[in-house]
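Peer 1: One-letter residues, chain by chain:
There are 2 protein chains.
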Amino acid sequence: WPRELSGVGHPRPSDGGSSSGSESSKDSSRCSTPVLDAERHERLREKMRRRQDSGDRWFSLEFFPPRTANAAVNLISRFDRMGAGGPLFIDVTWHPAGDPGSDKETSSMIIANTAVNYCGLETILHMTCCNQTKDDITGHLQKAKRLGLKNIMALRGDPAGEEWEEEVDGFNYAVDLVKHIRNEFDDYFDICVAGYPKGHPEAESYEADLKHLKEKVLAGADFIITQLFFRSETFLKFMKDCQAIGITCPIIPGIFPIQGYHSLRQLVKLSKLEVPQEIKDVIEPIKDNDAAIRNYGIELAVSMCRELLDSGVVHGLHFYTLNREVATTEVLKRLGLWKEDPRRPLPWAVSAHPKRRVEDVRPIFWASRPKSYIYRTQEWDDFPNGRWGNSSSPAFGELKDYYLFYLKSKSPREELLKMWGEELTGEESVFEVFTCYITGEPNKNGHKVTCMPWNDDPLATETNLLKEQLEKVNRRGILTINSQPNINGKPSTDPIVGWGPSGGYVFQKAYLEFFTSSEIVTALLKVLKKYESRVNYHIVNVKGQNITNAPDLQPNAVTWGIFPGREIIQPTVVDPVSFLSWKDEAFALWIEQWAKLYEEESPSRMIIQYIHDNYYLVNLVDNDFPLENCLWQVVDDTFELLNSPQPEPSEVLR
Amino acid sequence: WPRELSGVGHPRPSDGGSSSGSESSKDSSRCSTPVLDAERHERLREKMRRRQDSGDRWFSLEFFPPRTANAAVNLISRFDRMGAGGPLFIDVTWHPAGDPGSDKETSSMIIANTAVNYCGLETILHMTCCNQTKDDITGHLQKAKRLGLKNIMALRGDPAGEEWEEEVDGFNYAVDLVKHIRNEFDDYFDICVAGYPKGHPEAESYEADLKHLKEKVLAGADFIITQLFFRSETFLKFMKDCQAIGITCPIIPGIFPIQGYHSLRQLVKLSKLEVPQEIKDVIEPIKDNDAAIRNYGIELAVSMCRELLDSGVVHGLHFYTLNREVATTEVLKRLGLWKEDPRRPLPWAVSAHPKRRVEDVRPIFWASRPKSYIYRTQEWDDFPNGRWGNSSSPAFGELKDYYLFYLKSKSPREELLKMWGEELTGEESVFEVFTCYITGEPNKNGHKVTCMPWNDDPLATETNLLKEQLEKVNRRGILTINSQPNINGKPSTDPIVGWGPSGGYVFQKAYLEFFTSSEIVTALLKVLKKYESRVNYHIVNVKGQNITNAPDLQPNAVTWGIFPGREIIQPTVVDPVSFLSWKDEAFALWIEQWAKLYEEESPSRMIIQYIHDNYYLVNLVDNDFPLENCLWQVVDDTFELLNSPQPEPSEVLR
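Residue numbers (UniProt numbering), protein chains in the order written: chain D, 1 to 654; chain X, 1 to 654.
Among these hints, one or two may not hold up.
In this list, chains with the same sequence are indistinguishable; a pair is considered to hold if it fits within one copy or across any two.
[What the hints assert, rightly or not] Keeping only pairs whose Cα atoms sit at most 25 Å apart, straight-line, the calculated SDA-like set for lysine to any residue is:
#1 Lys339 to Glu307
#2 Lys214 to Leu465
#3 Lys355 to Phe383
#4 Lys490 to Leu627
#5 Lys490 to Arg534
I should point out that these hints are in silico values taken from the structure, not numbers from a laboratory.
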């Protein structure tokens, strides 16, 4: 949470600012149409204003950077889960002691980068300035801009020692940082500053502190988030006092749901805030009962938030989550602010990087690995919109160490072994793992298979539509890793397959992607001749031997939507060229995530290695989306052919 | 027809040539996907090779520039009609006496430009070189390139007088022109040269003439078209002789169906060819019977063409049409080469200009006036493909004099008056004209209305699907000028609404565009409130007062197609910005084409002027394409509202 201790400063002309270099300037390129989601292209301060104007209420979530890489993986999952509730933004605190601007997986910079780029969340990066050189700070800001971060919370930070003194021309107060950002980066960043409803503990007076706050706003801050407080009156008085001295920007109350006795005590020590007696009276007797304290904290936060919202002057609430999920989510649900399953603007997770704001087409292959797709395409100068195009020959990033971090399963090795088998006895035991993942049934040791190397989450609801057929084919060695049913015009509001604005219709071509043996591929290719004009296929092995009937290596649109008053959106394609980049990743996952669970030279490892070396990766598209999906028939025919009496040798040669 | 008289020249290295600046070099832009029609992006010589490889037989058509602007209008209509039969290319002869490189409507350059750009025909422009300076010729070639012409027939041309002498360093022979084109324009143009099956009359010998031909090919010609001949043996021997001396490029026989006694005589005089006795014997007795001669000519041409095609060495036939339609079309039909209604690659007429090769999206407004659309967008640097985009704000060319030429009706003033009324008695007589155009019934004076200012052709087959409803609304003053039914996934091979490759599905949103009075617009707007989420509308008057519910002025896709192994194609949009450019044209046509038929200040003219000044142009889109078209209900509701008892004044004010 905000830990800034003071701030004084100078006025700036007006809020309008120059817009040179501003990200909000309209792109004039013919193709760059913000089609589906206007909000995606707005600045945070504009989104805030739009929400206020429309009377919508919103919330935001504060997190701090984790200490370990494992904790980072978990925090990112938390971003995804809490992001699903629809926060207007999240913010990531700045820890000067933790090398916050570095490239470490746990740095503030990289965590914020992940939130924006991989989780698609509007994000504010905190930044403190005291005890730092101008060049350091400029360097951090340039890096933030380069990574696609668009919002900075400008703070002073804690002085290094007791004997802190102001430096001449140095960054002594948050206002200096605000001015520096505006001087060096013009209007590029939205800037947030901290407010102290009880006055800053080190300020000469409450009034003097208000004056410092106004100086920060005049210097260029766009809105204010307050330090936590325990009574709604505290905030409402503060807000009134701010308005009285002419602070007109949004002021967002910081809400701290009490989650435990120790975290509260630590907080009180750091913030020098006093906990009201009536709260102490409740908490002291139950101090060893975590659940009781948390429930009390939730009640307290809900009732204070209700008072704030009922006042009519509060439009958004900012939550200090302490990186925990339960209490904040519960408060938000009780307040009705948590929007479970918000409408998907596109069928895949959109990145919030400004460079990607026009992106609306992706290959289907990364459907379960959107972060990997975003990572591997981060160096692209522009992103496909409207059409993928077959001449794009996109340069996908290499599979590097860093990439393995984001690919690392959330489950530890022991758990993966329980799911995928402590010991494999043959290809059939691999088939069994795939089958259990599809059915949701426990494996023979009683463990459910909730993730696979190609998919870190349980089966998508949409895939459930195909469950029965998928189970049947996985049992027989068609090891599916991606699939979608055909859809011939369902409403865009359909809870399972819908996406985009309401009033539209969504469509899909049936898609099936799987690993399988060369024996099955041989039979499959014979069968596919019968479906030549209807089914497109791409078949490739780890060495890159590639068989396809795609015309001119053109992409095939497999998901599209028709909306009132819009152009056609086709967010997912099967692109033959990208498939070869995906192939490298898909095969590598056998080894990196599965084979390496076992000892070198162990039979289990050799089984996975054998599959990796000899199986083919296949994708099939049924182009005739209005008819019944023929891909199951293709697979059935293949098995039938395999089961039929062996042909004469002469027949094989044909 | 080719009138070159001689040619000698020098060798060039090989046919491969350098490809710098070549139009065949692949465009590397992400969006530039040649999606639907690979052939559209090939060079003529490649198309020819592909046809030969696939065993397809083809034909081409030769025309000469007309003498008058009226004749030019008719010739362009002929291009459209004969283009529908599927020629591989047409060629336009070069008339040195007719200022062939000028901007006159009747110049060779402008006629060829029209064929390529407005009629979408692959076109060869003839060019002669004798008695011309290098600079003149370079200027012509540069202009041809600028206009999008890609093929040149390089000829010597007739010397100016009897006393012609070779000029040192001048252009004395066709081969000089071939070399000049290759020197100055590298491999940009495909070059054709003339061959003489009987040897050139001025050549020293048949053998010497063959040598000259070989020199032209070595200098860089891509293929040969022959002078006409009367017996298939003549051509087949010539072809054998060419191959014997190492001419390997395609040699296309020039076919001249005899169409009349006088044209044959004139031809014989010019070409110094001798008509075989057996032909003279047939023709002389019937020389005053045009029909008999033409029938004989057709028979003769058909049997000669059959012999040529049966020889197995002839893949394409080139026809000297003499700008006439009947004989050539008949020969082609009998040979089975005429492909009536060839598959439409897109629902609108594609331009053959190389700059437009990626174009696959257009506003619907110009559906009946594609030439006007191409004319008004000719200065664009790039053309929409995949998506129209709302930031394109395209600059449409002004309505100029030149434009009026292409807009001029094919029907003369007297005929238009018969169709549209010698004398109008009120707005109702205008309604009557619109209604007769829709129904195809004669007007009260017994004349059918076969064209309108907004549509120079009879009603499209597709519009016929809506005939009954259109009749009803036109009678009541909803004066429709454009419409399409909704289509929810018909096969792309559907004879009426289909387009694009087979195996696909085409879709449409229902569209209706009409002029109507402000009284009807007022009622319509009230009715549209009920359809707010379903129907998009744009309503504008001549002054530009504009009412719309289009979200963010975004375009609305109203025609799209889904094809096997392709991205989505959406060739037609309703674009709010372009609509305002179309509006100027649509309103101007009332005056330019209709009002001006009448005397100034005449009541008829004032009626049209009144409509022009006071009516609104309206377009409606029903976004719910899977449901029954609701636009007729919208119109019915509007009339019902108008017929209901007058509201209280207070209600009007609301």
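Peer 1: Does each hint fit the structure? Answer for all of them.
Peer 2: Verification of the hints:
1. In the homo-oligomer, the alpha carbons of Lys339 and Glu307 lie at most 25 Å apart inside one protomer (21 Å), although the nearest pairing across protomers, at 78 Å, exceeds that limit.
2. Within a single copy, Lys214 and Leu465 get their C-alpha atoms no closer than 57 Å, and across copies no closer than 69 Å, so neither meets the 25 Å cut-off.
3. Taking the shortest Cα distances, Lys355 and Phe383 sit within 25 Å of each other both inside one copy (8 Å) and across copies (24 Å).
4. For the identical chains of this complex, Lys490 and Leu627 are neighbours both inside a copy (14 Å) and across copies (13 Å), given an alpha-carbon limit of 25 Å.
5. In this assembly of identical chains, the alpha carbons of Lys490 and Arg534 lie at most 25 Å apart whether taken from the same copy (22 Å) or from different copies (16 Å).
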